[in-house]
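2 protein chains.
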Amino acid sequence: MSRRRGRGAGPPPSRAVDYHNLRNPFPPMAVFPEDRIAAMHDTALRTLEELGMRVLLREAVEIFRRAGARVVEDMVFIGRDMVAAAIATAPTSITGRAGRRAKDVTLELGSLVFQPGAGAPHATDLKRGRRPGSARDYREYTTLAHHFDVFQMMSPSVEPQDVPPHLRHYFTTEAQLTLTDKFPFIFARGTPQVTECFEMMRDFRGVSDAEFAAHPHTYTIINTNSPRTLDVPMAQGLIDFAKAGQLSIVTPFTLMGAMAPITVAGAITLSHAEALAAITLTQLTRPGAPVCYGTFTSNVDMKSGAPAFGTPGHFQASLAAGQLARHIGLPWRSAAGSASNLNDVQAANENQMGLWGCLMAGATVVIHSAGWLEGGLSVSYEKIVTDCEVLNMVAELCAGAQAGEDEIGYDSALSAVDPSGHFFAAPQTMDRYNTEFYEPIVHDYANFGTWTERGARDASARATDVWQAILDADVRPAVDHARLGALHDYIARRTEAGGAPPES
Amino acid sequence: MSRRRGRGAGPPPSRAVDYHNLRNPFPPMAVFPEDRIAAMHDTALRTLEELGMRVLLREAVEIFRRAGARVVEDMVFIGRDMVAAAIATAPTSITGRAGRRAKDVTLELGSLVFQPGAGAPHATDLKRGRRPGSARDYREYTTLAHHFDVFQMMSPSVEPQDVPPHLRHYFTTEAQLTLTDKFPFIFARGTPQVTECFEMMRDFRGVSDAEFAAHPHTYTIINTNSPRTLDVPMAQGLIDFAKAGQLSIVTPFTLMGAMAPITVAGAITLSHAEALAAITLTQLTRPGAPVCYGTFTSNVDMKSGAPAFGTPGHFQASLAAGQLARHIGLPWRSAAGSASNLNDVQAANENQMGLWGCLMAGATVVIHSAGWLEGGLSVSYEKIVTDCEVLNMVAELCAGAQAGEDEIGYDSALSAVDPSGHFFAAPQTMDRYNTEFYEPIVHDYANFGTWTERGARDASARATDVWQAILDADVRPAVDHARLGALHDYIARRTEAGGAPPES
Numbered sequence: 001m002s003r004r005r006g007r008g009a010g011p012p013p014s015r016a017v018d019y020h021n022l023r024n025p026f027p028p029m030a031v032f033p034e035d036r037i038a039a040m041h042d043t044a045l046r047t048l049e050e051l052g053m054r055v056l057l058r059e060a061v062e063i064f065r066r067a068g069a070r071v072v073e074d075m076v077f078i079g080r081d082m083v084a085a086a087i088a089t090a091p092t093s094i095t096g097r098a099g100r101r102a103k104d105v106t107l108e109l110g111s112l113v114f115q116p117g118a119g120a121p122h123a124t125d126l127k128r129g130r131r132p133g134s135a136r137d138y139r140e141y142t143t144l145a146h147h148f149d150v151f152q153m154m155s156p157s158v159e160p161q162d163v164p165p166h167l168r169h170y171f172t173t174e175a176q177l178t179l180t181d182k183f184p185f186i187f188a189r190g191t192p193q194v195t196e197c198f199e200m201m202r203d204f205r206g207v208s209d210a211e212f213a214a215h216p217h218t219y220t221i222i223n224t225n226s227p228r229t230l231d232v233p234m235a236q237g238l239i240d241f242a243k244a245g246q247l248s249i250v251t252p253f254t255l256m257g258a259m260a261p262i263t264v265a266g267a268i269t270l271s272h273a274e275a276l277a278a279i280t281l282t283q284l285t286r287p288g289a290p291v292c293y294g295t296f297t298s299n300v301d302m303k304s305g306a307p308a309f310g311t312p313g314h315f316q317a318s319l320a321a322g323q324l325a326r327h328i329g330l331p332w333r334s335a336a337g338s339a340s341n342l343n344d345v346q347a348a349n350e351n352q353m354g355l356w357g358c359l360m361a362g363a364t365v366v367i368h369s370a371g372w373l374e375g376g377l378s379v380s381y382e383k384i385v386t387d388c389e390v391l392n393m394v395a396e397l398c399a400g401a402q403a404g405e406d407e408i409g410y411d412s413a414l415s416a417v418d419p420s421g422h423f424f425a426a427p428q429t430m431d432r433y434n435t436e437f438y439e440p441i442v443h444d445y446a447n448f449g450t451w452t453e454r455g456a457r458d459a460s461a462r463a464t465d466v467w468q469a470i471l472d473a474d475v476r477p478a479v480d481h482a483r484l485g486a487l488h489d490y491i492a493r494r495t496e497a498g499g500a501p502p503e504s
Numbered sequence: 001m002s003r004r005r006g007r008g009a010g011p012p013p014s015r016a017v018d019y020h021n022l023r024n025p026f027p028p029m030a031v032f033p034e035d036r037i038a039a040m041h042d043t044a045l046r047t048l049e050e051l052g053m054r055v056l057l058r059e060a061v062e063i064f065r066r067a068g069a070r071v072v073e074d075m076v077f078i079g080r081d082m083v084a085a086a087i088a089t090a091p092t093s094i095t096g097r098a099g100r101r102a103k104d105v106t107l108e109l110g111s112l113v114f115q116p117g118a119g120a121p122h123a124t125d126l127k128r129g130r131r132p133g134s135a136r137d138y139r140e141y142t143t144l145a146h147h148f149d150v151f152q153m154m155s156p157s158v159e160p161q162d163v164p165p166h167l168r169h170y171f172t173t174e175a176q177l178t179l180t181d182k183f184p185f186i187f188a189r190g191t192p193q194v195t196e197c198f199e200m201m202r203d204f205r206g207v208s209d210a211e212f213a214a215h216p217h218t219y220t221i222i223n224t225n226s227p228r229t230l231d232v233p234m235a236q237g238l239i240d241f242a243k244a245g246q247l248s249i250v251t252p253f254t255l256m257g258a259m260a261p262i263t264v265a266g267a268i269t270l271s272h273a274e275a276l277a278a279i280t281l282t283q284l285t286r287p288g289a290p291v292c293y294g295t296f297t298s299n300v301d302m303k304s305g306a307p308a309f310g311t312p313g314h315f316q317a318s319l320a321a322g323q324l325a326r327h328i329g330l331p332w333r334s335a336a337g338s339a340s341n342l343n344d345v346q347a348a349n350e351n352q353m354g355l356w357g358c359l360m361a362g363a364t365v366v367i368h369s370a371g372w373l374e375g376g377l378s379v380s381y382e383k384i385v386t387d388c389e390v391l392n393m394v395a396e397l398c399a400g401a402q403a404g405e406d407e408i409g410y411d412s413a414l415s416a417v418d419p420s421g422h423f424f425a426a427p428q429t430m431d432r433y434n435t436e437f438y439e440p441i442v443h444d445y446a447n448f449g450t451w452t453e454r455g456a457r458d459a460s461a462r463a464t465d466v467w468q469a470i471l472d473a474d475v476r477p478a479v480d481h482a483r484l485g486a487l488h489d490y491i492a493r494r495t496e497a498g499g500a501p502p503e504s
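Just so you know, the protein sequences line up as chains A and B, in that order. All residue numbers for the first sequence refer to the UniProt record's numbering, where the first residue is 1 and numbers rise by one. All residue numbers for the second sequence refer to the UniProt record's numbering, where the first residue is 1 and numbers rise by one.
Hints listed in this document are in silico derivations from the structure and should not be mistaken for laboratory results. Among the clues, some could well be false.
Any copy will do: because identical chains look the same in the list, a pair fits if it lies in one copy or spans two.
Below, in silico cross-link-like pairs of lysine to any residue (SDA-like), each with a Cα-Cα straight-line distance of 20 Å or less [as the list claims (entries may be wrong)]:
{"hint": "1", "residue 1": "LYS127", "residue 2": "ARG457"}
{"hint": "2", "residue 1": "LYS127", "residue 2": "ILE470"}
{"hint": "3", "residue 1": "LYS127", "residue 2": "ALA456"}
{"hint": "4", "residue 1": "LYS303", "residue 2": "ARG15"}
{"hint": "5", "residue 1": "LYS303", "residue 2": "SER14"}
{"hint": "6", "residue 1": "LYS243", "residue 2": "PHE187"}
{"hint": "7", "residue 1": "LYS103", "residue 2": "VAL17"}
{"hint": "8", "residue 1": "LYS243", "residue 2": "VAL163"}
{"hint": "9", "residue 1": "LYS103", "residue 2": "MET75"}
So that you can see chain A by itself, here it is in the shape it has in the complex (with noise of 0.2 Å):
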């Protein structure tokens, strides 16, 4: 299709990718042969079986035991029909309800979603240095995180440490619906917060019991206890998630040779065979529960213990947790993410290396994919916008390139210059160079002398001036306001009546 346009007719065409409904385009790769996944599978099973599981909230082991489970105290040992039960009634594809359809988010194999790093207890930036995370800090960057449409999904963020635990519920979800259209996030920290924040987001979206119980609007992120442990709320959360018909996305977060085996097998094993636990705790909730199997497995350093991320095992550890997401045809979520203090080639190059590892690993949903730093205690703004930049050159990979004639170019380009010459004004070159090419957020390609003039500013440096600018602008979606009052009204009349503290 030529874009060719008239000279002097309108304003010059403007670069328009959509960025919300990606498909990975990646071809998958594997780390392991096909039968030492059903090796892996089989034996996720049979820990399953033999070992079990360890469930401390009693209405969960209640539910495994009337289902046939084996129960031995707070052991639950599970067999491999019921777990074969759970995976054909979990949904291949799953559609969050967004403030407006078009912010709608399909989880399924083959699509592609990413998150800005979560569930950091600081956050830090150049002009205010590292700090316990804010209310303020919550509210800035959850509108980071609804200015680039790359990101398709909001995250547990940045956590407000001075909102009181009890009310910090109303704020978090206030902040999601008034600040955003994207699809919300809630923490499972016990029924009463989650039945609250259930009330909020169906009255604020305008739809009724039955319509929010047929799609999910929200979704929660339940971490198992590796090893083989479903804490209170975690347990909780899968019960009341999947009776509500909303999403959990599941990932045991195992770390090699610290909570789980040192090798990449073991360790995916492990974590297999959790969220394997969990999914079946949802079907056996509500069958055809909408449930997202995940990981996020990387190793520790044997030296220190302490946590790496974008390592060579954290990149394999992906790699076979896909595998092991196309063997049993579930949608997944993994992860990028930094082990840096700061935002320096360190966190570029560990963020980048674990993001390849999801894209090849055919991951759904990818989560920490931008700003996580310090393993996750703290979000950077500056690394948001850095990251971001990467995300969208993947998102424009995503929309592929065009090899017809018109792009091969024979006669507009080809043809159209002498040896030796430039492609400046050849025809294909006018009726493209608007459109042709990504443009960069924060990358400068200046020269070493213009760059110096400018004042030699790095790459955080100018991200500052992006993030700066974005909250300056504020752009809000718009709001019922009847709808905003009411949940104001709502807000109020709770915190009155004592809030709702969170469970453990």
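Please arrange chain B on chain A, whose structure you already have, making use of the hints.
Relative to chain A, chain B alone:
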């Protein structure tokens, strides 16, 4: 295979991974359907037949003419039969002879070879700043390239501008023969210099004329002058290296939107045509002469005209070139690199993005895989180190992982640890803790407190320590002192006789 070992029975095993003989484990990615690749190939042949190549060296024009090409002044019109014959005689596997057989390097589809950043007029580091490349820089750079096993061949490196041009080839050859035993590089700057370099290398390696001619003992890189021009020293280099049985790596350097069409398909079609013309010249000179296909294509920033690297266009251009290389069945080189002006997050992200393009394109040789800044106007010592961390991790991925019963570890790990326990003392961990994980050269996993106490140094600052330690250690290969003396005598005689000026 169990690596169980007796306690106290000698030193613990250390991790040993072969970084020299790498095979690319990443599934090749296609950017265009096969029929479009065939169309691009066909358009490249049509370009050579109908539009022709401008060839500035009369000897080269005569070679083409004698083979049947139509010639009009300096324009050579190359028929597709002649190209097909060249592709048929070009070797599909080439082994470059290094100073030791263990350092020989094999170039074929499937092998993976890295070179540090090359051809830079400037060097830069955090201790001494940015400066014109010097003899000292050239020697230091050679030592750094020698140190890291993951660089399997030498590169054009940094230009020693303080060495007179008519003596520079003595200096660079002496440095490459004495400071490293890796496969060395020669600039094609005219027959006199090239012939002398061949002599120095043949004699220092202690091989006969016949043995030298039978195996490439050195190589050059041939850049066409896009569009469609082959200048005097490049054409001469192709002829001289082919006659001598030495290796040419043919690399049109095509910037989309400037010296090449603005589209990936157009630019790579032009690059392909130029590479085929150069390959044809080598095979007309000497059928079977070692030659490597190549491309280096990225886009300019259309606002400023400045070159950009590590962009989506760069990535896709590598993919397209890889498809064309497989289409004609020849080993090929591609390139990573960065446009950034210092070793910052942009530099890291650009280089790694470009690298993944090369890896997924199945490139045999990845040039500029470390250290390249400013689009090649400088090389950074710190960036060599930080990029090398990434290359090492890629080499680790090439080694793969196992998922045998020992690695899955039902007995030695999974069943040996209770729920909520840890694997630090599991038998599997005890067997492997010293050898399981890659140990970084510059990445730091210390937590924020410890890292702050140690001076809060970023990756570039730590990389300074690394390169300084390598230069201080000054590890060199053993040399034959008689041959070294002869080399120095040769250089003294030739210098006395006036050296050999470069030709252009």
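Problem - Violated hints - listed by number, lowest first - result: 8 and 9
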